[in-house]
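Student: Numbering-wise (our numbering), the sequence shown opens with residue 126 and increments by one.
Just so you know, the hints here were simulated from the structure itself, not pulled from any lab data.
Just so you know, nobody snuck in bad clues.
In the SDA-like style, the derived pairs of lysine to any residue whose C-alpha atoms are separated by at most 25 Å in a straight line are:
1) LYS276 / LEU292
2) LYS136 / MET345
3) LYS276 / VAL162
4) LYS276 / ALA168
5) LYS136 / THR347
6) LYS276 / LEU319
7) LYS276 / LEU163
8) LYS136 / GLY334
9) LYS276 / ARG153
10) LYS276 / ALA290
11) LYS136 / TRP338
12) LYS276 / ALA152
13) LYS136 / SER359
14) LYS136 / ARG352
15) LYS136 / THR236
16) LYS276 / LEU314
17) LYS136 / ALA152
18) LYS276 / LEU328
19) LYS276 / LEU323
20) LYS136 / GLN336
21) LYS276 / LEU330
22) LYS136 / LEU351
23) LYS136 / ARG356
24) LYS276 / ASP332
25) LYS276 / PHE326
26) LYS136 / HIS340
27) LYS136 / ARG153
28) LYS276 / GLU316
29) LYS276 / VAL327
30) LYS136 / LEU346
31) LYS276 / PHE337
32) LYS276 / ARG289
33) LYS136 / GLN235
34) LYS276 / ALA224
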Amino acid sequence: MSDDFGDRTQKPTERRRREARARGEVARSADLVAASVLLVTMAALWWLGPQLADVLARAMRDGLSSAPRSPVTAETVAQTITLLTTRLAVGVVPLLLIATAAAALGSLVQTGFLWTPAALMPKLERLDLAKGFGRWVSLNSWVSLGAGLVKLTVLMAVLIAFVRARLPSAGPLTQGEPAELLGFAARTLVELGLLLALSLFVLALLDYGWQFWRHEQSLMLTVEELRREQREDSIDPRMKRARDEIPTEAVSRVTGSS
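Starting from the given sequences, assemble the full structure and let the hints guide the process.
Tutor: The structure is reproduced here in structure tokens:
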């Protein structure tokens, strides 16, 4: 997309939007997809965390309790590993499915059903060093750099505020049972992850707003482009078809006479 929108003062037409979509040019924020996946996954972990911890605890307990009753051989070790892996998969697979669904939904909400093989083709103009340097110093690049710094600052502020708020609660637990301290640590980490994911999601919404604005600006037309589209759209389809057939008929006559 061009970074110079100064001459484009006319709103995009439906034809312009269709052609851009056919090329795979749509407003899309990769940050919003990633943040959605992280937020949904952390929410699922917060919801399913106790069940997952219980599954893992029972798997460890079953594996360790059977160890004294059987000699340590390659077969018993393999059985224990298989048991732990199976129990872990039972708890982790739902999280993976939820994350996959969140990624698909995050893209679908932004772009809809979009399949553009042309967008997958390599573009040789990307190898142009001059254009590459121009993209590097473009407004979009500087905005991305600033957004990255803002994102880092916000995450650090959230982390510091969370630690300061929760640190006093951890003091008394150091004198209690290890299981109680471990449970507190697990809950705290999940809550911190959920809070950070929510912060990233809010920032990603702002990024999508920027990408949407950039996309709308790139679709705008100059006055001459708008007039040309209007002239082309006003041509009767039959006249347009006849005009396109004239070069073909001329070539056929030349070929036949030779």
